[in-house]
Amino acid sequence: MSRQLLTGNGAAAWGARLARVDYVPAFPITPQTEIIETLAAWLETDTMDGRLVTLESEHSMITAAGAAAATGVRVFTATSSQGLLYAMEMIYTVAGWRAPFVMINVSRGLAAPITLESDHNDIMAARDAGCLQIHCATCQEVLDSTLMAYRIAEDERIRLPVIVNMDGFYLSFTREPVELPTVEEANGFLPPFDAENVVFRASAPTSQAVAVLGGSPYSYFRYEHHLAVLKGNEVYDEVAAEFAERFGRRHEAVEAYRSEDAELLFVMTGSFATKAREAVDRLRDSGVGIGLLRPRLLRPFPETRLRELLAGKQAVAVIDQNLSMGKGGVMHAELASALYGQPDMPPILASFVGGLGGRNISAEEFFEIAKVLQTAVAEGKTPPPRLLYTRDELREMRKLQAVAQVEREELGGGR
Amino acid sequence: MYRIRFHGRGGQGMKTASRMLGSAFFAEGFEVQDAPRYGAERRGAPIFAYVRADRAPINERGIIRQPDLVIVADDSLVAVPAAGVLGGMTSDTVLLINSHESPDTWRHRLNAQSTILVLPEPFEPEDHAELPYAGAACAGAAAQLLGVIPWASMEQALRHELAELAPAVIETNVTRARTAFERMEPHRGCVREGRAVSAADYVPPNWVEVPFEAARISAPAIHAPATSVEVKTGLWRTLRPVIDYDRCSRCWWVCSSFCPDSAINVDAAGRPEIDYDHCKGCMICVAQCPPHAIETIPEHDAQAAEGGKE
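For the protein sequence lines, the chains are X and U, in the order given. Numbered per my numbering, the first sequence spans residues 6 to 420. Numbered per my numbering, the second sequence spans residues 826 to 1135.
Honestly, the hints are just simulated from the structure, not real lab data. One or more of the hints may lead you astray.
Taking beta-carbon pairs under 7 angstroms as the criterion, some of the chain X residues facing chain U (in silico) [to be verified]:
(1) K280
(2) L314
(3) L392
Fair warning: this is a prediction, and the values are worked out from it, not measured in the lab. C-beta: ideal position from N, C-alpha, C; glycine also.
Here chain X stands alone, though its shape is the one from the complex:
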């Protein structure tokens, strides 16, 4: 094991290399491209074995990934944002094939208006596709999760694609110290892909992903798919335990930071959760009993674990870096459905939406969220959802609208 500075993109590429992937179908998109560039350089110089093929779109890329995985080879691919959406038809499809492979998604906000910077609406759009999802907060987690993801994806109980998510810029282009396992250490944890019955030979043809009509067989296949994703909870815990044993790094399905004696909790995913961790330390310094819960596993949604961790707490602030138009923060709704009607759940479940399109969430905003929770506890009332957005930002927006001559529209002119 050696410790070196790697970007999230570099860590992802190392994950694929240490997983000894056979096939990398690829298509470039900011901020993911460095991953496939790094792999391409290694493959071209025979630093690693395998084959990288650039496809003509993400739609084809996922088709190739699923098709290759269905023949029993180890597959790695990566995309982001608009690319993930363009691939969406095939993401649902290949998951239904029960084809195991690992995909990195480098989170980036969705158009329109178009942006390059990070939020989670892209990965949330793949929420119901039938892939498992692991959300990372550090570059180390990107590497570790990639290795873990192969173990989970290829497990005979699961056999599904696993998406490892990292934030664009805040992880993809950010270097941090990363412990790099040796080839032997990685091999010890991740044996070669035992394709079991996932093989394809011309001499023994099989038909995969058949058509079914009438609803009844369809329901069976879809529900089995759902049960397999749910099984991910158990398989994840086993794999995380073995990973911790071998590498000394424990990646729980839900990171619980100073939560045990906390009355208040932040709940959030992704790299900005490290900012929440920092805020927890500062708030503790000034006597506020707060902690952080960070689901790493988003599919399956670790409901049982979250209920255990939240039992007896007073108030929760879910900070969503996504927005479901017409509803609100996605994780807030998911958590509410997991807690409602269960005994001893926190009476206050507040929703905050922030960090859209890479917008910063400041330390002061975390402190203020804690204050909102304290007030809510005192008044016994959940506050309305809040977008993290300041008066200065709105003023800046008005300036942009002036440049865009919005007032001409308002006055009915300019036609």
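With chain X fixed as given, assemble chain U onto it according to the hints.
Positioned in the frame of chain X, the structure of chain U alone reads:
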């Protein structure tokens, strides 16, 4: 924790500078986070990069709002609001500018309480190809101002980050960094580690309820043509093309056709005129002009000459 921000233009090596400094910190046993920040812009556009270094694991993330050290590779950026060079500076911040002007001039100009230093050997390049060396000089100077990175670690980090380059290029970078490191000797260790924001005493965010507005207001649309004219991309320029009208053959189309930004206008008589508000200084016109009538002048010299006329 040390929080350092490097400001420069795309192509001046600020990302590399942040990595050199990050690797040097790492070699000295610090936990490190370094990252560049840029959008879809090209060479010449304002970009920045940042480094955090601490003895404990780093949980802070993203853009540094309150830097302990700000390094500006190109003093023309100070006046560009989009570059955000002065953002979050306090009396505890050290500002190091690569500039022909004196620290007193900058102190007066900015009305700033910060410690202001100037790289005493400005690396304004005679040769455009030398621009990237700015990064090495900035990193070298930063190491000295921080006072916790010995030269040996800095040199090792620099060689590590540039390992893929030609030996001569690496040596020039090492020399530039070393010179800057030595010139900053009198200010060794003047940068102090900043503290975390306190949860007991903070300025609350001035949150606002974003009002509902009808689509004619709130759709992301621009309601007039050519508003991009208001973005003075000419500020990205480090080199200026200047037409020598005695040599210009009035061919009326070559330079203006090749200009990727449509920043050369030709009048009815075939006389080309460069729109310096929007010329980014790519110098394609210089390369294409058949009678070689377009000269290249460093932007700084061109501006100084203009200033002299006033």
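_Hint validity - L392/X Cβ closer than 7 angstroms to any chain U Cβ_ = holds, 6 angstroms
_When the least beta-carbon distance from K280/X to chain U is tested against 7 angstroms, hint result_ = holds, 5 angstroms
_Restraint satisfaction for L314/X [CB to CB of chain U, less than 7 angstroms]_ = Interface hint status for L314/X: violated (20 angstroms vs cutoff 7 angstroms).
The earlier numbered hint that this structure contradicts is number 2, and it is the only one.
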